[in-house]
Amino acid sequence: MNGKSLLWVGFGSVIGLIALIVIIVLPSSEDDCADQPTVSVTAPVPSVAAQAQPSPASGAAKPTGSTASVPNAPAAASHSTVPDVPAAAVNPGTGEDRPGGSLAPIRRTWPLSAGSFQISDTFGSRGGTHLGVDLAAPDGTTIYSVADGTVVAAGPASGFGNWIVVDSTDVNGRPFSAVYGHEWASGVGVRVGQTVRAGQPIGRVGSAGQATGPHLHFEIVPGGRLNGGHQIDPLPWLDGAPTPQASGAVPNAVNPLCGLGFGTAGGALAAGKVPADLEIWYRRAGSICPEITSSILAAQGKQESGFRRGLTSPAGAEGLAQFLPGTARSADPDDGRPYLLDADGNGTASLWDDGDAIIAQGRYMCSLAHRIEGWIGQGKVRGDVVPLALAAYNAGEGAVLASGGMPDQVPAHFSETQPYVANILAMEAQYRAPGSMGSFQPDGGSGGDQIVRAGEQWIGTPYVWGGGGPSGPTGGGLDGPGLTSASVFAASSGRIILPRTAEQQWEKGSEVPLSAARPGDLVFFDFGLRGPADVGIYLGSGRMLRAADPSGVGRAAVPGDGRLRRVM
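Just so you know, we're using the working numbering here: the sequence shown kicks off at 592 and counts up by one.
Hints were generated in silico from the structure; no laboratory data involved.
If you're wondering where the values come from, they're calculated on a predicted model, not measured in any experiment.
Listed next, the in silico SDA-like pairs over lysine to any residue satisfying Cα-Cα at most 25 Å (straight line):
#1 K893 - I1087
#2 K893 - V976
#3 K1099 - F1118
#4 K893 - S1006
Taking the hints into account, I'd like the entire structure generated from these sequences.
Written as structure tokens, this is what we have:
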């Protein structure tokens, strides 16, 4: 063998060794969930009850554009197009989605009955920002679920006014959400956690939120609307196109963390924001009732313990949720069982067990929310349910009732309870999945454009002095700094948190001259000795978005003393 042959043999051996290392040693994916084995696709989408009850003894109870009509929508009086086989529970032998396998036949129903609507705006219009299809129909027209699934959101949503989100798994095992937007509050006909069937009435057409007339805004989101999925054009999908593989949830993964709470309200928790071994418990606890979300519970957990185990407060409160043992073992009026249950199934109900403590926290917060809702209805207290439930967790429900709202009877209510509530509400948005509360989702565009889009979702929101913050409107509305804080937080996916007042926000970013202004810059105005008293969002051409008293959030001219700063 000559020298050249030896060289080639040696070179080939090195290449073979490298290939062996790549194939055997290196992981096949950087995504921990990408290669997870899954259970059979016959497994249905988990219900909220199933997510919250991991064992039998667990803790959770409970219009311009095209006007072409679409001829193949279902008749209102007939559901003959509804498949006999549930979308989430099929025989995998009819076509599993796997390498070398085929895709099962797909039959779907439309969200509105044939002849009742016209397509008034298409997917991708408005410069690519319209991520659904608009179906114009008379106010009150019945909306039908397009697939079997579980309701994961139902009620107020930014931009939409109100929405309904249903998580489903199709006949090929692929997860998706169907989104129905712009219903009036009275037109939302389902509740979070409810199981629905294809063709079942779930609501009525309205024109709430950013709408110029009655219509249904409809989206299909492979991977899950609350779970990081991305919208596709729903019209080909409605006509039978397969649901594409997509980023987002892996609902049937053996590793429950890969499910990202799909099929439950717990999907609204942003991935990776809490310690990994606690994430599944916050998702489950946030699925117990619609009033108390997983992001609220996570922010509360951060406030209570900083997610540190083994803590006992001077008052005797124990564990991650800093629960008093006596309260934890008292009966929940909602179901008669103790708040603290053996949620993790290890045979013992303990505040020192992560799952037990977090599920108990969720159960107690839901119980408080339900009692406060009753008191508000009876005129005994005033305020928003979530802040008052947080106050009751800290100071006791009696303090809320005695104060007729936010506790204000003793010094500790001002020095401890009110800051406790304010801190949690300020942190909550950090734990919330982008887009999980309404129409806006950051899409990788320029920072300023994202701020404008985020702000415009609140057009028409009432003005409330002191209202708003990173989490969006509070007290039923927004003021100027509340609008800018909410918009910048949403546009930055939680990276930038502006302070509460216009004076404090003036210290952030860098000033730019009006001649160099770009949409999304912050406009400060009404200057006094201490700085600006108000702030809005520059739109271009001398216009801005602001929250004005009494008209609410809307467009206006930039004032003569307006000065601009760029924060993104």
